[in-house]
Amino acid sequence: MNPIFDWSFAWQIAPALARALAITVQATVLGMLMAVVLGLLLALARRAPWALLSWPAAFVVEFVRSTPLLVQMYFLFYVLPAGGVQLSPLVTGTLALGLHYAAYCAEVYRAGIEAVPRGQIEAATALNLSAWRTATGVVLPQAIPPVVPALGNYLVAMFKDTPLLSAITVVELLQQSKIIGSATFRYTEPLTLVGALFLVLSLAAAWGVRRLERRLQRYGGRA
Amino acid sequence: MSASIRLVDVHKRYGELEVLRGVSLDIPAGQTVSVIGPSGSGKSTLLRLLMTLERPTSGVIEIDGASMWTTPDGKPAGNAHVRRVRGKIGMVFQHFNLFPHMTALGNVIEAPIHVAGLSRDEAVQRGREYLDMVGLGDKVDTYPAQLSGGQKQRVGIARALAMRPEIMLFDEVTSALDPELVGGILQIMRDLASQRTMTMIIVTHQMKFAERSSDRTLFFDQGNIVEDAPSAELFAHPREDRTQQFLQAVIEAE
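Protein chains in written order, with our numbering: chain X, 49 to 271; chain V, 1277 to 1530.
Be aware that one or more of the hints could be misleading.
[Unchecked claim] Some but not every residue of chain V turned toward chain X, in silico, with C-beta under 7 Å:
#1 1329
#2 1367
#3 1371
#4 1387
#5 1390
Since the hints were derived computationally from the structure, they do not count as laboratory data. In this text, a Cβ means the ideal position worked out from N, Cα and C, and glycines have one as well.
With these hints in hand, go ahead and build the complete structure from the sequences.
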């Protein structure tokens, strides 16, 4: 009878899981980078005074938020190649994660921007600041720090959504553990390790976000 | 340098509510004008229109003879034209509206750097001068949250002055302050007015200040100028019944 958890087997599969973890982390980091940048652009576009910009942005945000991530992932995976765009499964999956979370981040930014008091924009106007400087020098520096925790939550959420990449053949953590399981008929060790890795990294990410949040709230209070 | 102001039949409507009902007004360059009247009478709206924060529903506003919202050939003005006019005007707000993520100096040098195109060194030098002038030379690196109301308003004044405006608008700048801090702000405004380097419009509830420190006082009621006279005269001998009632009520309250 095998022990319930075989430490030597766990040690044996660790290198393969570490490689898969690197894929998972890579997809999360790049996906989140895309989400925070594209999300900000979507939020700004949505507030733009030109319907040509604001309507498409609003449509993208609503469309993406109203359809499941897995469906979006399959869609990109099967439809992009049909349209002649050849991307690796990992790139496709990262794009799907980034796009999906960009829509959520856009809403977070929007809430942050709307919370900046009107008087701030009036003061910027009275000083004759350009629209660009008003956005980048006055509004965003006040809009973003308060929403860092919300963005951080999405980082953790995205990290936990990466197993969906296994559905489009990316060998990330979950897929790797299934490969190990089907080859050795041992699922306890790989799945336990995968769970533990997600737990530890999620907690670490949440801690990192809290630190960042504190650093950003240096000036405290409104004028 | 100071600029003249001219309003011709200016109306401002918010939906059903007409806040300004055909205001016409000439203010020569360098004059200090107080605007008094009950709340909701349109005083602050007048300033917001002059600061280009809002557009009049109809009527003409001219700064130094140049129409604010139309080009000389009568077309609707573009952003560049409006910004050129706006560049002559500065404003101080009732609730300060300081940028909370910038130090006192940061607030003051923001526009000199990003609008006037000064180098950082030049802007810092200018910023320190104006903060010194309002008595905050030692608070240069302090963030607004750490300043008292009176100190915040001093920064607000220095911030507006640092752009060397030709016209300064003061929108109830002492109304949000503790009573003991009001005097210092009024003194700064008195000094500015006596220099006669700017045209100043001061919306205020400080009747003594209006009476003694401004050339001229406008009494606003229900979206119109009810009385317009040299300050000493308006307070000593108000001609209109409504002015008399208002002054009576204010004096009794004090």
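Going through the hints against the structure:
1. Evaluation of the residue 1329/V hint against chain X yields a held restraint, the C-beta minimum of about 5 Å falling below 7 Å.
2. At a threshold of 7 Å, the smallest CB-CB gap from residue 1367/V to chain X is about 4 Å, leaving the interface hint in force.
3. For residue 1371/V, the interface hint holds, since its Cβ comes within 7 Å of a Cβ in chain X; the closest pair sits about 6 Å apart.
4. Interface hint status for residue 1387/V: upheld, as the beta-carbon distance to the closest one in chain X is roughly 4 Å, under 7 Å.
5. Against a cut-off of 7 Å between C-beta atoms, the interface hint on residue 1390/V holds, since the closest Cβ of chain X lies about 5 Å away.
Taken one by one, the earlier hints all hold for this structure without exception.
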